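The listed protein sequences derive, respectively, from chains A and B.
Be aware that the first sequence starts at 77, since it is given in this note's numbering, and climbs by one per residue.
Be aware that the second sequence starts at 439, since it is given in this note's numbering, and climbs by one per residue.
Hints were generated in silico from the structure; no laboratory data involved.
Bear in mind that the values here come from a model prediction, so they are computed numbers and not experimental data.
Hints may be right or wrong, so weigh each one.
[Stated by the list, open to error] Within a straight-line C-alpha distance of at most 20 Å, the following computed PhoX-like cross-link-like pairs (lysine-lysine) qualify:
#: 1; chain 1: A; residue 1: LYS243; chain 2: A; residue 2: LYS184
#: 2; chain 1: B; residue 1: LYS620; chain 2: A; residue 2: LYS84
#: 3; chain 1: B; residue 1: LYS523; chain 2: A; residue 2: LYS349
#: 4; chain 1: A; residue 1: LYS84; chain 2: B; residue 2: LYS523
#: 5; chain 1: A; residue 1: LYS349; chain 2: B; residue 2: LYS589
[What the hints assert, rightly or not] Facing chain B, from chain A, some residues (calculated, C-beta under 8 Å):
#: 6; residue: TYR92
#: 7; residue: ILE103
#: 8; residue: MET109
#: 9; residue: ILE173
#: 10; residue: MET229
#: 11; residue: ASP289
#: 12; residue: SER307
#: 13; residue: THR314
#: 14; residue: GLY316
#: 15; residue: THR352
[Claimed, not checked] Derived list of chain B stretches under chain A, where covered just means 3 residues or more per stretch with a C-beta under 8 Å from a C-beta of chain A:
#: 16; stretch: 492–505
#: 17; stretch: 515–529
#: 18; stretch: 549–557
#: 19; stretch: 591–604
#: 20; stretch: 616–629
#: 21; stretch: 641–649
Think of the CB as a built atom: it goes at the ideal place given N, C-alpha and C, for glycine as much as any other residue.
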Amino acid sequence: MLNRSQSKFLSLTATYALLATGLIFIIFPYIWMVLASLKPSAEIYNRLIPTRITLEHYRMVFSLGSTGSTSPFVRAIFNSLVVSSITTLSVVFFGAITGYALARLRFKGQNLLKNFILFQMLFPIVLFLIPRFLLMIRLGWINTYQGMFSPFMMSAWGTFLFMQFFKTVPQSLIDAARLDGCSELRIVFRIMLPLSKSVTIIVAIFTFMSMWDEFLWYLIVTKDYNLMPLSVLLGLYTRGEYSSYPGIQVAGATLLTLPILALFYFFREYFTKGITMTGVKG
Amino acid sequence: MVIPYILFTIIFWVYPLIWGILIAFKKWNIISPVTEFVGLDNFIKILHDPLFWISFKNTLIFMVVFVPLSIICSLMVALLLNRIKLLRSFFSLGYLMSYVSAGVAYSIVFRLLFSGDGLINSWLGKVGITIPWFSSPKLAMVSIAFIVVWKFLGYYSLIFLAGLQSIPSTIYESAEIAGASKWMIFRRITVPLLNPSFTIILIFAVILSFNIFTEPYMITGGGPLDSTQTFMMQIYYQTFTALHAGYGSSFAITVAIISFTFVFIVKKTIEKDMIYS
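Here chain B stands alone, though its shape is the one from the complex (with noise of 0.2 Å):
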């Protein structure tokens, strides 16, 4: 019963990974059927490839704006949720309306609702301001990583919210008695005992800014100025337009690395938390 499962595995997963790192030390185009052992050097090109510092830039940038407004938000909306009984699941749901939206299909209604001439900007403009969201190379990684907000606030709203009712209510009410303050008590009590909570959310929020695609395919092409290139971006683009498979899949390789250096630091600085409170 297992047989179709590991078969599948092994040609659809085990192969092109292994394939893929093999591929990673070789210079290759997809089309001729030579091929050339170039050892390293894809890699040390990475190194000296702009693009490559480029996105990486961008990816900060996303993250940076990313982490902690979805952090901050879906919190404070799972702290909000938490105190309410009635209507509660129609508030969570419709929260989570933002999640199931499809990436093209978003990509293309903030595009045009947030452009130069935008219903949002005429509004805007009524009190003599217009913000160039897409248009302005400073802005648009922030603008798409709004959007990303806006799609995955429920989510990350209902793991919270999750964590919050797995804590036990008498610790709360010991703490009241004890006379701790609101804040000490969300500061000592919440926030630490949520941890598993912000751990998985981090984890996930890290891996997403890693492979933002469709977004900046869709919104801006990867402009302003490079402005909001991605690491997929590049890869998509080395690999299936200018076709260095090659060079695309040592990209994809040394982005995966990052993405797991970052993941493994978070994993680590967070559990250090733990243990101090």
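One chain only, chain A, in its complex shape (with noise of 0.2 Å):
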């Protein structure tokens, strides 16, 4: 018979190794990307640990582009980047003046707007996505930026957050700021966000992964290569031009996630932080 702590120290082995052994299925995934990536073409489909180690793929990547153009994949990473940057400042923005404005000011209306924006939240995407992409060939945004993030700019779910989170500061430092002659837009971007890090940070690594993520919108309102997020690019590359050359998609692939995992390992905290105070977009 097994005493106490034996027991108990087996259990503990035993849920470190079930842990872990699931971590394994969770990481596979992305060790065989990185090392696809960086293998000989032939050896993709049937090896795990590459022969040698080739940057053939990654110079591919780099190096196509018609005649002297920069590669459309470094174009696609800048537009990605633009696209998210702005669309990230501008759902922290105004997310926090609304927010501000909700939580601590009174007019009138206020809380049919309070309610509306949790209303707002209920309605699937799904029901947007067409008349958006008609509200854009009427305005004549196809292929533009504005046409990629102007939907997103600002969003229900951010401003929410800062509203609640916007409640818990003190009164007294609004006063004070007020009595100094302070404008409430100042008193929203010198007060409440630097004592909101953590909310203000929440909304923007999650708008900039969902941006840096979005593929649908995209595809329906970019036709023109050269302004392609890298998500469709890379998309339409691999179901296109690039579909039996497996290597490039791989590296195009690794390239698509890697600042997300950058992202995710400096700001690691707020991830979790953001899923458990839940609410947070699926």
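Two chains, each in its own frame: build the complex with the hints.
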């Protein structure tokens, strides 16, 4: 018979063993991806460990481009960065001021607006796809950056998060700032935001990540390869021109994954915090 | 200060929403300026559209695999994480790694990894089996569900873990003193008190099931034999390839209503459970 501490030790060991096994399943596709992007094409399908390391796929990715122009992949990375960054800044900026007004100011229709924001979050994205596309046609924004980011510039979710957090900031700080003659905008950016570092980071990273990953909307509003974000360019190339070049596909997938992984590494505790606060977008 | 938000919402939310509902009753091919009011014709057409029913069936297959599998696995991971102190954040972050992967990227990875002559099958081949993950019409949607479980496992685990940690340990202690078995404690205390976590995860999972697009688009293109056609694929195809904006819009509304109904049913059933326990 095992005594109590022995059986406790055994069960703890089993717990770690199970967790580690599960973790291998989670991480394996990443390991495979990175290795595959570095091995000769012939080995992608049937070998895990490459016989030699090669950068040929990355060289292809960065040199593709008709006659002397920059590689479409480099441009696509740039496009992704532009669209994701603008959206992130905008969601934080407008989320903060709207959230502040809803949490700390008094105005007519305030409760109506609060309820409306909650109501907005119930509507599935599928309802907006087609009419927003038609709107972009009408505005002449197909194949433009603004066409890609404008529908996402303000988020009910981000606004709601800011509003909830701003409620907890002591009123005395706001009163003192007002006595000093601070404008309401200045109060938001000089007092509220610095005090809400974690909410701000959570809103920013989840917005950036969802814009970086976005696929369907970009697929709909961009037809010009020069303007496509990386996700769409890679998606279309994989289905089209480079469908028989797995090396290029995997190298592209690695390039699409790494920035978000880096973001995840640097802001890891905010990812967990953001998710446990729930209500985070699925 | 709220004026930008209100203007934005009117232009990019209220106006499209209403416009979308209006064109659902019209026949319109986007290019021509002529729109024709057809009443409920589009909706009636949907009910006779075999691809609507195929997509519905595929969505149900996806849900039947995805919902229980992701909930069981993530609850297990959360229970394991809840038992350890050392390395807990290492493991929970490790499990979250798949969540931050981009749809296009992991679709490429899994398509190659699980292809007919891919690495997984060449390993399985050594013991004499190969599995047609994406090339068998029976299996393709199930394989896609597996991939999405991979993606959301860590995310759902964290929600469960937060739920587990909000259960006061005194409840467990008194149950143990009363001599309850581990299974009894799990069944009668843990599960009922995790109700909010179950609810939110089920709702997320159901909504997600109706929004599947990137994976089938990238991996199977809807095939083989339409076995991975989804609602989103249909809406995309009808509107942006076939240019039937009116039909696409009524399709979108129908799908939204179905997904609302599912979410509503989930909420109602779970709330009932709550009262019994």
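Outcome, coverage of the stretch 515–529 of chain B by chain A - at least 3 residues whose beta-carbon is closer than 8 Å to one in that chain: Our answer is that it holds, as 8 residues pass the Cβ test (under 8 Å) against chain A, meeting three.
Annotated coverage of the stretch 641–649 of chain B by chain A, confirmed only when three residues or more have a Cβ within 8 Å: Since three or more residues must qualify, the claim that chain A covers the stretch 641–649 of chain B holds, with 5 doing so at under 8 Å.
Does THR314(A) pass the interface hint, meaning its C-beta sits closer than 8 Å to a C-beta of chain B? OK, holds: THR314(A) within 8 Å of chain B, min 6 Å.
According to a criterion of three or more residues whose C-beta lies within less than 8 Å of a C-beta of chain A, is the stretch 616–629 of chain B covered? It is violated: at least three residues are needed, and the stretch 616–629 of chain B offers just 0 whose Cβ sits closer than 8 Å to chain A.
Pairwise hint evaluation, LYS349(A) against LYS523(B), where the allowed Cα distance is 20 Å at most: The given pair, whose Cα atoms are some 18 Å apart, holds under the 20 Å limit.
Can you verify the interface hint for SER307(A): is its Cβ closer than 8 Å to any Cβ in chain B? 5 Å, holds
Any CB of chain B closer than 8 Å to the CB of TYR92(A)? 7 Å, holds
May I ask you to test the interface hint for ILE173(A) with respect to chain B, counting a Cβ-Cβ separation under 8 Å as satisfied? At 5 Å from the nearest chain B Cβ, ILE173(A) passes the 8 Å test, so the hint holds.
Hinted pair, alpha-carbon criterion (20 Å max): LYS84(A), LYS523(B). Please report holds or violated. 14 Å, holds
A closest beta-carbon separation below 8 Å is what the hint needs, so does MET109(A) meet it against chain B? Hint on MET109(A): holds, closest Cβ of chain B at ~5 Å, below 8 Å.
Is the hint on MET229(A) kept, meaning its closest Cβ partner in chain B is under 8 Å away? 6 Å, holds
Would you check whether THR352(A) satisfies its interface hint, that is, whether its CB is within less than 8 Å of any CB in chain B? 4 Å, holds
Hint check: violations occur at hints 14, 16 and 20; the rest are consistent with the structure.
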